[in-house]
Amino acid sequence: MENLLALSSGPAWLDKMPPEVWGISALFGAVGATTFLVALIIWTLVWKGLALWKAARHGDKWWFIALLVINTIGLLDIIYYFLVRRKKK
Numbered sequence: 518m519e520n521l522l523a524l525s526s527g528p529a530w531l532d533k534m535p536p537e538v539w540g541i542s543a544l545f546g547a548v549g550a551t552t553f554l555v556a557l558i559i560w561t562l563v564w565k566g567l568a569l570w571k572a573a574r575h576g577d578k579w580w581f582i583a584l585l586v587i588n589t590i591g592l593l594d595i596i597y598y599f600l601v602r603r604k605k606k
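The opening position of the sequence shown corresponds to residue 518 in my numbering, with each subsequent residue numbered one higher.
It is possible that part of the hints are untrue.
[To be verified] Label pairs and their in silico Cβ distance ranges: (1) L557 with F599: 16 to 22 Å; (2) L557 with L585: 14 to 20 Å; (3) I558 with I596: 17 to 23 Å; (4) K533 with L567: 45 to 51 Å; (5) V548 with K578: 38 to 44 Å; (6) A583 with G549: 28 to 34 Å; (7) I559 with K533: 35 to 41 Å; (8) I587 with K533: 41 to 47 Å; (9) V555 with T589: 26 to 32 Å; (10) L554 with I596: 19 to 25 Å; (11) H575 with K533: 54 to 60 Å.
It is worth saying that the hints were derived from the structure and are not from the lab. C-beta atoms are modelled at their ideal positions from N, C-alpha and C, and glycine is treated no differently.
Given these sequences and hints, build the entire structure.
Given below as structure tokens:
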């Protein structure tokens, strides 16, 4: 019975971890990381959508493909949206 309880309590390395690692601070850390990731995803989708829309409207086929395929957390999208398209006018 003792071996069965030892197996169900998790891996052996977990018993050696300090309580802070899997305590209340870990919960707040996970919430903070999740909030950051959700904000990053929203940021990326907004800029990608704006840049793809503008590239499609102006017929920039290669920019559209590059913006669709390359994920730069919105950086390439912002560059296209504000700089590249204005230079072509």
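Status of the hints after comparison with the structure:
{"no.": "1", "hint": "L557 with F599: 16 to 22 Å", "verdict": "holds (20 Å)"}
{"no.": "2", "hint": "L557 with L585: 14 to 20 Å", "verdict": "holds (18 Å)"}
{"no.": "3", "hint": "I558 with I596: 17 to 23 Å", "verdict": "holds (20 Å)"}
{"no.": "4", "hint": "K533 with L567: 45 to 51 Å", "verdict": "holds (49 Å)"}
{"no.": "5", "hint": "V548 with K578: 38 to 44 Å", "verdict": "holds (42 Å)"}
{"no.": "6", "hint": "A583 with G549: 28 to 34 Å", "verdict": "holds (33 Å)"}
{"no.": "7", "hint": "I559 with K533: 35 to 41 Å", "verdict": "holds (38 Å)"}
{"no.": "8", "hint": "I587 with K533: 41 to 47 Å", "verdict": "holds (42 Å)"}
{"no.": "9", "hint": "V555 with T589: 26 to 32 Å", "verdict": "violated (19 Å)"}
{"no.": "10", "hint": "L554 with I596: 19 to 25 Å", "verdict": "holds (23 Å)"}
{"no.": "11", "hint": "H575 with K533: 54 to 60 Å", "verdict": "holds (59 Å)"}
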